[in-house]
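Chemist: Construct all of the structure, not just a fragment, from the sequences and the given hints.
Okay, here's what each chain looks like letter by letter:
2 protein chains.
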Amino acid sequence: MKFELTKSFIEDIQSALEENNIVFIKAQIFELHPADIADIVKHLGLDEGKHLFDYLDEEQAAQTLVELDEDIREKLLELFSPKEIAEQVDQLDSDDAADLLGELSEQRKDEVISKMEDKEHASEVIDLLRYDEDSAGGLMQSEFVQVRSSFTVKRCIIELRKQAEEVEKVYSIYVVDESDVLLGVLSLKRLLFAKPTSLISELYQSNNIKYVKTNSHKEDVADIMKRYDLIAIPVVDYQNKLVGRITIDDVVDVMQEEAEKDYQLASGITDNVEATASVFKNTKSRLPWILIGLLGGVLSSLILQNYEADIQINPVLAFFIPLITATGGNVGVQSSAIVVQGLASKEFMFKGIFKRILKELLVGVLIGLICGILIFLFNFFTNTDIIMGITIGISIFIVVIIAAIFGTLFPLILNKLKIDPALATGPFVTTTNDILGLSVYFMIAFMLYN
Amino acid sequence: MKFELTKSFIEDIQSALEENNIVFIKAQIFELHPADIADIVKHLGLDEGKHLFDYLDEEQAAQTLVELDEDIREKLLELFSPKEIAEQVDQLDSDDAADLLGELSEQRKDEVISKMEDKEHASEVIDLLRYDEDSAGGLMQSEFVQVRSSFTVKRCIIELRKQAEEVEKVYSIYVVDESDVLLGVLSLKRLLFAKPTSLISELYQSNNIKYVKTNSHKEDVADIMKRYDLIAIPVVDYQNKLVGRITIDDVVDVMQEEAEKDYQLASGITDNVEATASVFKNTKSRLPWILIGLLGGVLSSLILQNYEADIQINPVLAFFIPLITATGGNVGVQSSAIVVQGLASKEFMFKGIFKRILKELLVGVLIGLICGILIFLFNFFTNTDIIMGITIGISIFIVVIIAAIFGTLFPLILNKLKIDPALATGPFVTTTNDILGLSVYFMIAFMLYN
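Chains A and B are the protein sequences, given in the same order.
Residue numbering for the first sequence is 1 to 450, as defined by our numbering.
Residue numbering for the second sequence is 1 to 450, as defined by our numbering.
Note that these hints are calculated values from the structure, not bench results.
Only a predicted model underlies this, so the values are computations on that prediction, with no experimental measurement involved.
Careful: at least some of the hints might be erroneous.
Any copy will do: because identical chains look the same in the list, a pair fits if it lies in one copy or spans two.
To be verified - In the PhoX-like style, the derived pairs of lysine-lysine whose C-alpha atoms are separated by at most 20 Å in a straight line are:
#1 189 with 169
#2 189 with 154
#3 226 with 261
#4 195 with 154
#5 355 with 42
#6 189 with 162
#7 162 with 210
#8 119 with 109
#9 7 with 416
#10 42 with 75
#11 42 with 226
#12 359 with 281
#13 42 with 359
#14 284 with 359
#15 281 with 355
Modeler: Following this line, the structure appears as structure tokens:
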């Protein structure tokens, strides 16, 4: 039940574009959802993509632009004249229009705006451009339906007819007073069943309605809408005047970005790299973490230098360096990940950090014991030097516990410092655990052998 | 604009519960959203939590149960009698009811169902219990509004009044034929503006409406709803008969789980561990990865054994083991993460795996060069043995490239094998890269020194 893009389909489109086979292309395209057309454009050359736009109706073309990945849209828009872009922007909801304009250079932006035909729309969009893109104001759209509480149902429906023209999807009607202050919400369902003569003030729901301020952070908006299962939320300014609404589809995108960001931080990638990003951008966003790791490795080597003699006498010590570092790293990352997700889902707000650490300590002891015993046994059967077995066994035990504790504390500290705790699950924890682990390991070896 | 739970609030509630201060509790609770009440329950003792339910109205109580985390709900429900649970279930939408019943033991489930008063509701719920919980059937609810295409608007609104009773949120109306086969969708907005005499068949939208089959996988449902910005999607059976609908809030939860799962796999945690999970469950879900890492460490040690002599002669070799393993691991995980996200967002379907690997190769060469040179320089200035610098420099260079390639290939292979590629970003890649890296490093050392 979902359009499946195939290689042959793309090839058909491409040849049709070459031959300017209007009929074929229109037939293929006209019923497709913009998201699907965007997918096609993505797999065409830039010029082909631009060419395809000539065959789309205004609405389709505009929506397709919105659905494209930013990097492709950017390249593609360079092939559009300001006039052409303005035509698209005129078609878009104010929030999409603002996002699109926000990606253009200042100068180009002004050119496009000056070419927009719908002046009222243009001024709405300009208003939205003022807001920080990470704020509710940056997410909201100016298209929504509002009525006065003093209206009758009949009058309300007439109002609705007027306003609903430009509002693509009406989920609920916002009720305001004379000075546009948000009073409450009215569902279409209730309106549909109400007597034409009854007053809105008798119908709408006013107690604890959910709304956000224009300066609320987009992640808080997402939290609220998710928490209360909302499909749209009204946005008010500092005077509680209704200025916009945010719909769930935009919030779904925010959640998506959030999840991807955490995942990337956990994998040691600084800023969003699509698989399609250039080699250089790709490298740039990955190098920082690698260099941190490199630095960690250098520090480790400096630590090991102090034990040069011991290694020379007993090279077996060196054999287990990877085991120590790997195990410490793995345990640490796990601990951090659990804390990060706990923080995200607000699982332990005031539930006591201490309790959390205590539990993690127990887990550490358990895992440490199992690993320590296993590794001791392995040594016992493969290596005549029993002290080595004891050394590595005890070391693993302690390293695991330290890693668990550190992996738990670190994200909590970051969180206190208002730094994204997901950073903790990145290479940083692994690196630190390498250093901690090796120090412990060789200290113990030093004690047991000398 | 969002209820903020405070420690003192919890304490007030607790003492009020002790004193059976009905007035106070009612006053605190009655306007709260179930999600907020669930939050309160979470921070109360089990018995206190159960006690609080006595003060909630039926609707609140039922919804609060739904909002609770599964593990807490499970414990709490043990304090409820089958009769009490049945009363809650009667209040719930069919999908929530089915989910709740699905968590009970077979025997308890039957007891509860037998105690349900709304028999029609009960049979709907029983139907839903038949579906796999990962399928659209497992997500859908039986509450939706459907009308015949032959109806007039007037008749339709009357129908609506009847049906809308039990349908909490009406987003759009589904149009079916005499045998309930889905024909199309009609928005409330259009209905609101239509003449009472006009026919539904003239109003509803029929071309490429989005729907899913009962057996579609929930992740595909999520993809479709996200892709097409839907807030609700109809579900049809194998005969295309309309049997239910899935609303965006349920899909948002699916997306959330998905993201968390990937993140956990990336951090080496097998199945979902909330921070609140028991020490044992916690350990159980983490141990597998740790043991894989342990095994990897053992293998590394066996590889290193072959170079015992070299390490004895030149212990400096050992100093850089952590550097080699850490760098290889970090690069590998990055490469995998990028591929995993690329796969998730379907970025390179037929865009050529080869192209992808080539690019990754270039990135690897770039990062490898930078790291290799840096580490060579570090050695050059801190260590008289120039060969050591060359050895480690070249090794890092090669290790990074191998890690990048392997990290890219591995998730692609998993994906081909229909295994979740996110597994690749877990400790597995790091472990493998440790082994590969060390082999390269010591082989090169062996060649250069002998």
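Chemist: Now tell me, hint by hint, if it's right for this structure.
Modeler: Now for the hints, and whether the structure bears them out:
1. 189 with 169: both (14 Å within a copy, 8 Å between copies)
2. 189 with 154: both (15 Å within a copy, 15 Å between copies)
3. 226 with 261: Both: 19 Å inside a copy, 18 Å across copies.
4. 195 with 154: So residue 195 and residue 154 pass the 20 Å test inside a copy (8 Å) and across (14 Å) alike.
5. 355 with 42: between (51 Å within a copy, 16 Å between copies)
6. 189 with 162: both (19 Å within a copy, 12 Å between copies)
7. 162 with 210: Cα proximity of residue 162 and residue 210: none, with 26 Å in one copy and 28 Å across.
8. 119 with 109: Result: close within a single copy only, 15 Å intra versus 62 Å inter.
9. 7 with 416: The answer is between: 18 Å across copies meets 20 Å, while 50 Å in one copy does not.
10. 42 with 75: Classified as within: same-chain Cα gap 11 Å, cross-chain 50 Å, threshold 20 Å.
11. 42 with 226: between (31 Å within a copy, 18 Å between copies)
12. 359 with 281: between (41 Å within a copy, 12 Å between copies)
13. 42 with 359: between (49 Å within a copy, 18 Å between copies)
14. 284 with 359: between (39 Å within a copy, 14 Å between copies)
15. 281 with 355: between (43 Å within a copy, 17 Å between copies)
Against the hints set out earlier in the document, a violation occurs for number 7 only.
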